[in-house]
Amino acid sequence: MASDTSPNTSSTSAQTAGPTPAKGDNADLEAQVAKLREDVAGVADALKSLATGRADDAKRQAFALRDDVRERGEQYLRQAQDAASDLEEQLSEKVRSEPIKSVLIAAAVGYLYARLFRR
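Just so you know, we're using this note's numbering here: the sequence shown kicks off at 133 and counts up by one.
It is worth saying that the hints were derived from the structure and are not from the lab.
Treat the numbers as computed from the prediction; the structure is a model and nothing was measured.
It is possible that part of the hints are untrue.
[As the list claims (entries may be wrong)] Restricting the straight-line Cα-Cα distance to at most 27 Å, the calculated cross-link-like pairs of lysine-lysine (BS3-like) are: (1) K191 x K180; (2) K180 x K167; (3) K155 x K167.
[As the list claims (entries may be wrong)] Restraint-style ranges between C-beta atoms, simulated for each label pair: (4) L244 x A216: 20 to 28 Å; (5) D188 x R228: 42 to 50 Å; (6) R204 x V227: 33 to 41 Å; (7) E220 x D188: 45 to 53 Å; (8) A178 x Q207: 42 to 50 Å; (9) N158 x G185: 39 to 47 Å.
Note that the Cβ used here is the ideal one computed from N, Cα and C, for glycine as well.
Could you put together the complete structure from these sequences and hints?
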């Protein structure tokens, strides 16, 4: 009977000792977790720098577009001012050359304007 009890005790002690990890395994696991954290931090930094670069590029493009639109607007304004100045000069010359006709035309336009927009 003594031989019956010894195999049973060894099998029960083997069953309870199986799932406990060794200290070396914990150290390896912690090292892997630390390495993974470093890798994730590196990826996060890379994504941050990429996003910052893209944002800077978009900002530069927006400023360039703004400057281009401003230059075009100023150019169109100068053209309109030049055209208005030329028209004013032509009108002044026409009034000087035919003053009575110009006054009669202005009076007729004023009369029509008053008739159209009278309340």
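Hint by hint, which ones does this structure get wrong, listed from lowest number up?
Violated hint (a single one): 5; every other hint is consistent with the structure.
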